[in-house]
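Undergrad: Here is what each chain is made of, one letter per residue.
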Amino acid sequence: MAKTKTILKIEDMTKRYGSKTVLKNASLSLNEGELKILIGPSGGGKSTLLQCINFLVKPNSGRVWLDGKEIIHSRKKELYAYRQRVGMIFQDFNLFDHLTVLENVQIALVKVKKRGKEESRTRAVTELERVGLADHITKYPAQLSGGQKQRVSIARALAMDPEVMLLDEPTSALDPELISEVLDVIRDLRLNGMTMIMSTHQIGFASELADELVFLENGSILETGPPKKMFSNADCERTREFCSKITELYGNSF
Amino acid sequence: MTESLTVLYGALPYLLRGTLVTIALVAGAMGLGLVIGINLAVGQVYGKRWLRAIIGIYIWFFRGVPLLVLLFLFYFGLFSLLEINLSAFTVAVIVLGLITAAYQSQIFRGAILSLPEGQLKAARALGMSDKKAILLIILPQALRLSIPGWSNEYSIVLKDSAVAYALGVMEMMARAHFVASRTYEHLPLYFSAGLIFLILTYLGTKGLRLMEEKLRIPGYSR
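Read top to bottom, the protein sequences are chains X and G.
Numbering of the first sequence is given in this note's numbering, commencing with residue 1 and proceeding in unit increments.
Numbering of the second sequence is given in this note's numbering, commencing with residue 1 and proceeding in unit increments.
Where hints are given, some of them may not hold.
Unchecked claim - The calculated PhoX-like cross-link candidates involving lysine-lysine, where the alpha carbons are at most 25 Å apart (straight line), are: (1) X/Lys9 <-> X/Lys228; (2) X/Lys139 <-> X/Lys113; (3) X/Lys9 <-> G/Lys121; (4) G/Lys214 <-> X/Lys139; (5) G/Lys132 <-> G/Lys48; (6) X/Lys69 <-> G/Lys121; (7) X/Lys20 <-> G/Lys121; (8) X/Lys77 <-> G/Lys132; (9) X/Lys58 <-> X/Lys77; (10) G/Lys132 <-> X/Lys58; (11) G/Lys132 <-> X/Lys139; (12) X/Lys113 <-> X/Lys77; (13) G/Lys121 <-> X/Lys111; (14) X/Lys113 <-> G/Lys132; (15) G/Lys48 <-> G/Lys121; (16) G/Lys48 <-> X/Lys58.
What the hints assert, rightly or not - Pulled from the structure, derived: some chain G residues nowhere near chain X, Cβ distances all over 12 Å: (17) Ser4; (18) Leu8; (19) Arg52.
Claimed, not checked - Just a few of them, taken from the derived set where beta-carbon distance is under 10 Å, the chain G residues facing chain X: (20) Pro116; (21) Glu117; (22) Ala123; (23) Leu126; (24) Ile137.
Hint data in this document are derived by calculation from the structure and do not stem from the laboratory.
Heads up, the beta-carbon is just placed ideally off N, CA and C, and yes, glycines get one too.
Let's have the full structure, built from the sequences with the hints guiding it.
TA: See below:
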């Protein structure tokens, strides 16, 4: 796999709520086709980092480049255009509850990308087939299981042709039995070369597929490295501690 | 008794024309209140601090001053001062509309705030502007949730509309009073007026209930 071109670069991202700093000078860069997985304890800043990347949470400082061009988030047009190129998957799906599965995937194509109704519909159906939900397009979110909802949200993001996807604990709100159907979809994306940053506690998945693991605690990136190294001989004491704890909990990864 | 019925029978078409005026008053006021109320609610939830402050003053004013005072204030005071010549009916629609807008805004605001924060986040993440997100994602859901509260507000405005009588608007109550004071058949006429209000309340709330059912999002429990 050629990993030469940097798609996304984040520099010195900091977010404070009042006097509490939840993200401290986080920097990372992502090459084309790469999967980076954020690990670390809850409240460590994983979610904040992901949401700062597409400015759903406005960072106090920090810079973002997509495909070599810096994004100035105070310029509204630029921000909206940027967000179309960065897909986001949330822990609790956030499907639009008043729209059918098909409409959920279609709406941004029609209303944001200004594509024709028919073209958008065809595209939406294609994406829903890809995540295995072609039979459910007329249902409403409340009629789906958690795993199905998350797959719809992935289809919704994919329909926008994102260059990067941000996945914020995509399986954390799911019943254990439903986790694999979502992970399978993400694995397919990975194998098809989608560039992604994902936070997760699914350590088996992370060690199998990630190019790099990024360990975040108390808002700081403590260590970054390939999964093998992070699990067997991480440099940082805290990383070792966390990785062994989580391996105990979620099963051995190698 | 027969006398009363004859009077009532004779006055009925006159009363029913008044009922149409009442319906027009209420429809106009509720419509105006809907448009202004939605904007107030959106401004109050998503607006900048100065905008929220202005809306706060608006709501405080229109919820705080009695209807009768506002009707006189606008009809005899403000519009005369500005030399704007409006009919009593129009002024009544405007005043009732401005008041119900203040109340309706709080129904919509509550509904907007009850939606999960993730709805707006997901819309923004797809590249929607806030305006699009509010129009396409937030309001369609919030307005559905607002129907029960709105139905309540309808029954209040319907009854308040009788106060327009004080400006000389020939709505139903004004006509009942007019006939009653000429024929001295007070009981049957006010009874009929009350009955017509009850029927209008029933029809309106029933209609809104049906609308609520029709617009209910499948999969949600009752």
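Undergrad: Output the numbers, in ascending order, of every earlier hint that fails for this structure.
TA: Those not satisfied: there are none.
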